[in-house]
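Residue numbers (the working numbering), protein chains in the order written: chain A, 180 to 623; chain B, 334 to 446.
These are computed hints drawn from the structure, not numbers from a lab.
Incorrect hints may have been included.
[Stated by the list, open to error] Partial chain A-side listing against chain B, Cβ under 10 Å, derived: (1) P387; (2) T389; (3) G403; (4) H404; (5) S405; (6) R597; (7) H609; (8) M611; (9) I619; (10) F620.
[As the list claims (entries may be wrong)] The calculated lysine-lysine pairs, modelled on BS3-like cross-linking and capped at a C-alpha distance of 25 Å, are: (11) B/K350 with A/K602; (12) B/K351 with A/K386; (13) B/K351 with B/K335; (14) B/K335 with A/K391; (15) A/K391 with B/K360; (16) B/K360 with A/K516; (17) A/K602 with B/K423; (18) A/K602 with B/K412; (19) A/K560 with A/K516; (20) B/K351 with A/K514; (21) B/K335 with A/K602; (22) A/K386 with B/K350; (23) A/K516 with B/K412.
[To be verified] Over 12 Å on every C-beta distance to chain B, these chain A residues come out as not near it, computed from the model: (24) F281; (25) P329; (26) I415; (27) I442; (28) V511; (29) A566; (30) L567.
As the structure is a prediction and not an experimental result, all values here were calculated from the model.
We put the beta carbon where it would ideally sit given N, CA and C, even for glycine.
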Amino acid sequence: MFRRIRNILGGGVLVLLGLAGTAACEPQAGAASQTGVDTLWVLMTAFLVFFMQAGFGMVEAGFIRAKNVCNILTKNFLDFCMASLGFFIFGYALMFGDGNGFMGFTGWFLSGAKSGSGVPLYAFWLFQAAFCGAAATIVAGGMAERMKFPAYLIYSFLISAFIYPIVGHWIWGGGWLSKMGFADFAGSTVVHALGGVAALVGTMMLKPRTGKYNADGSANVIAGHSIPLASLGVFILWFGWFGFNPGSTLSVGNGELIARVAINTNLSAAMGGIVAMATVWKMFGKPDLSMAMNGALAGLVAITAPCAFVDPWASIVIGAIAGGLVVMGVVVLDKLKIDDPVGAVPVHCLNGIWGTLSVGIFGKAALGLAHDGLLYGGGFKQLAIQALGVGSVLLFIVFSMGIVFKLIDIFLGLRVSREEELKGLDIGEHGMESYAGFQIFTTQ
Amino acid sequence: MKLIIAMIQPHKLPDVKKALFDADVHKMTVTNALGCGQQKGFMETYRGVITEVNLLKKTRIEIAVNEDFLEPTIEAIIKGARSGNIGDGKIFVLDLADCVRIRTGEKGREAIG
């Protein structure tokens with residue numbers, strides 16, 4: 180009985196496919212459907228990148244204390260709203276408009292703007308806007324548990340309307356770095372190093388959370404309140420990264436490229452998780468899940484720039500180094516008394532830099548790079564371009580975000596009062612609790 | 334022997350603990366509590382509805398002491414918990430009939446010390 184129904188259904192699908200086949204045979208319809216399929220691909224991956232916002236939200240919520248969760252989620256939520264508007268009004272014009280090597284000047288409010296690829300402008304815009312939101316939201320984690328909410332709103336508009344698009348123009352919008360042959364396939368520098376450095380500048384200006392460091396300089400544990408939420412967040416991010424990297428092909432024309440990007444993305448994340456777990460196990464005696472998860476994210480960040488230009492074995496090496504780097508980064512930051520509650524700096528800043536440089540080591544000209552990497556006999560040419568590119572972006576961000584945070588601090592104040600910090604920002608900033616009806620210790 | 338029960342603001346616990354350690358008092362029990370005193374509650378808004386929450390989060394500290402430690406302990410709690418505002422809390426001192434250390438069976442002064 181069931182088999183018969185299945186046969187009937189199967190037959191129906193075949194008939195439909197046959198109809199679709201005849202339609203595609205006509206020449207005009209064929210050309211239209213190529214753009215259509217590309218648009219579908221770009222939009223679908225844009226939706227995946229949008230979902231990473233949920234991943235960031237869950238990771239950051241899980242890694243902080245229960246009394247601040249409502250605050251961090253409001254920040255994650257609103258920064259995507261701010262980024263969407265900012266990137267619509269100013270951002271896209273600065274990033275992809277006609278202009279000079281430093282920034283674009285045409286296409287404010289998307290009026291008269293042109294698409295940066297073969298897909299329609301609106302699809303391309305949505306994909307880029309989702310990236311812009313990701314860069315903005317990285318900072319929330321580094322500055323968590325003590326930053327004023329209004330200050331964050333202003334910051335998130337400024338970074339997505341002006342700062343991210345200018346860097347984006349240099350690298351993806353035909354600016355001076357892209358003319359030099361600088362390669363950042365999906366944004367190790369544009370999104371992650373940028374967000375990570377902004378987080379570093381912000382967290383250093385905010386100073387550590389109350390009670391994080393003792394007078395003698397030793398660090399205290401301020402444990403995250405929900406490892407399950409953080410794990411869910413990492414899985415969502417990993418899933419979303421399959422949109423972030425493979426979607427950056429912006430077309431389905433080259434199946435081999437998409438497949439290579441996807442497998443590299445996955446392998447690097449897996450190796451990053453393994454190495455981070457092993458490193459922390461060796462150093463501190465236990466396989467710490469939070470560190471293993473940071474390791475997988477580190478692998479994902481690092482492979483974002485080179486994913487199109489390297490072979491799978493290289494992506495494993497890149498992920499392995501990323502996994503070690505993230506653990507060292509967390510330890511060193513604590514030594515320097517820089518308080519980064521969720522590890523935004525080691526994951527996004529350090530590995531954004533590492534990923535960008537790795538293009539110059541493992542990249543192959545045969546896979547679309549300007550010069551062969553160090554290991555393929557291309558010498559230091561590509562590596563030097565990568566270093567110059569990421570270095571100048573870092574300088575620009577330190578300078579511009581330094582000014583943005585300083586101005587916000589002067590006019591509005593960046594940090595909440597000590598009393599509010601101890602009571603929790605949920606009550607202080609939003610007047611509501613994340614876990615109403617639960618008794619939660621707010622004594623730390 | 335006395336039992337000291339102190340109700341303090343939760344966010345003052347780190348300061349109180351430090352003051353107690355400085356006064357050489359290292360033994361205590363800490364619990365989460367809800368309560369209200371003279372302090373007014375705070376306003377919470379949820380989906381546009383404003384409500385007053387008047388059972389506030391408090392932290393309850395219990396410390397059993399011998400007489401010579403009574404005053405230093407009370408002073409330490411005050412030093413750590415006082416901000417000068419309503420809501421700083423209260424300290425109750427009770428007579429303690431006896432105290433037994435389960436591990437050794439010691440009683441009274443020795444069991445506390």
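Hints, verified against the model:
1. Residue-level restraint check for A/P387 is violated (minimum Cβ-Cβ distance to chain B is 14 Å; threshold 10 Å).
2. Because the beta carbon of A/T389 sits about 8 Å from the nearest beta carbon in chain B, less than 10 Å, this interface hint is met.
3. A hinted interface residue such as A/G403 counts as satisfied when its beta carbon comes closer than 10 Å to some beta carbon of chain B; here the least separation is about 19 Å, so the hint is violated.
4. At about 15 Å, the closest approach between the beta carbon of A/H404 and any beta carbon in chain B exceeds 10 Å, and the interface hint on this residue is violated.
5. At its closest, the beta carbon of A/S405 sits 18 Å from a beta carbon of chain B; the interface hint therefore is violated under the 10 Å criterion.
6. Annotation: A/R597 was flagged as interfacial toward chain B, and the flag holds, the nearest CB pair being 8 Å apart, inside 10 Å.
7. Because the smallest distance between the Cβ of A/H609 and any Cβ of chain B comes to about 8 Å, under 10 Å, the interface hint for this residue holds.
8. A least Cβ separation of about 5 Å between A/M611 and chain B falls short of the 10 Å threshold, and the interface hint therefore holds.
9. Hint status for A/I619: holds, given a least beta-carbon distance of 8 Å to chain B, under 10 Å.
10. This hint holds: A/F620 has a C-beta 6 Å from the nearest C-beta of chain B, less than the 10 Å allowed.
11. Our distance criterion of 25 Å between C-alpha atoms is met by B/K350 and A/K602, whose separation comes to about 17 Å.
12. Taking the CA atoms of B/K351 and A/K386, the gap is near 22 Å; set against the 25 Å cutoff, the hint holds.
13. Of the pairs offered as hints, the one joining B/K351 and B/K335 holds, with about 21 Å between alpha carbons and a cut-off of 25 Å not exceeded.
14. Only pairs whose Cα atoms come within 25 Å are accepted, and B/K335 paired with A/K391 is rejected, the gap being roughly 35 Å.
15. Of the pairs offered as hints, the one joining A/K391 and B/K360 holds, with about 24 Å between alpha carbons and a cut-off of 25 Å not exceeded.
16. Of the pairs offered as hints, the one joining B/K360 and A/K516 is violated, with about 31 Å between alpha carbons and a cut-off of 25 Å exceeded.
17. A distance of roughly 19 Å separates the Cα atoms of A/K602 and B/K423; the hinted pair therefore holds under the 25 Å criterion.
18. Our distance criterion of 25 Å between C-alpha atoms is met by A/K602 and B/K412, whose separation comes to about 20 Å.
19. A threshold of 25 Å between alpha carbons decides the hint, and for A/K560 with A/K516 the separation of about 37 Å lies outside it, so the pair is violated.
20. For the given pair, B/K351 sits about 24 Å from A/K514 by alpha-carbon distance, which is consistent with the 25 Å threshold.
21. A C-alpha spacing of about 31 Å is found between B/K335 and A/K602, which places the hinted pair above 25 Å, so the restraint is violated.
22. About 24 Å separates the Cα atoms of A/K386 and B/K350, which keeps this hinted pair within 25 Å; it holds.
23. For a cut-off of 25 Å, the pair hint linking A/K516 to B/K412 is broken: about 28 Å separates their Cα positions.
24. Remark: the non-interface label on A/F281 is consistent with the geometry, its nearest Cβ contact in chain B lying 45 Å away (cut-off 12 Å).
25. No beta-carbon of chain B is positioned within 12 Å of the beta-carbon of A/P329; the least distance is around 17 Å.
26. Remark: the non-interface label on A/I415 is consistent with the geometry, its nearest Cβ contact in chain B lying 26 Å away (cut-off 12 Å).
27. No beta-carbon of chain B is positioned within 12 Å of the beta-carbon of A/I442; the least distance is around 46 Å.
28. Remark: the non-interface label on A/V511 is consistent with the geometry, its nearest Cβ contact in chain B lying 26 Å away (cut-off 12 Å).
29. Chain B leaves A/A566 outside its interface by the beta-carbon criterion, the shortest separation being 45 Å against a cut-off of 12 Å.
30. For A/L567, the non-interface assignment is confirmed: its Cβ lies about 47 Å from the closest Cβ of chain B, beyond the 12 Å cut-off.
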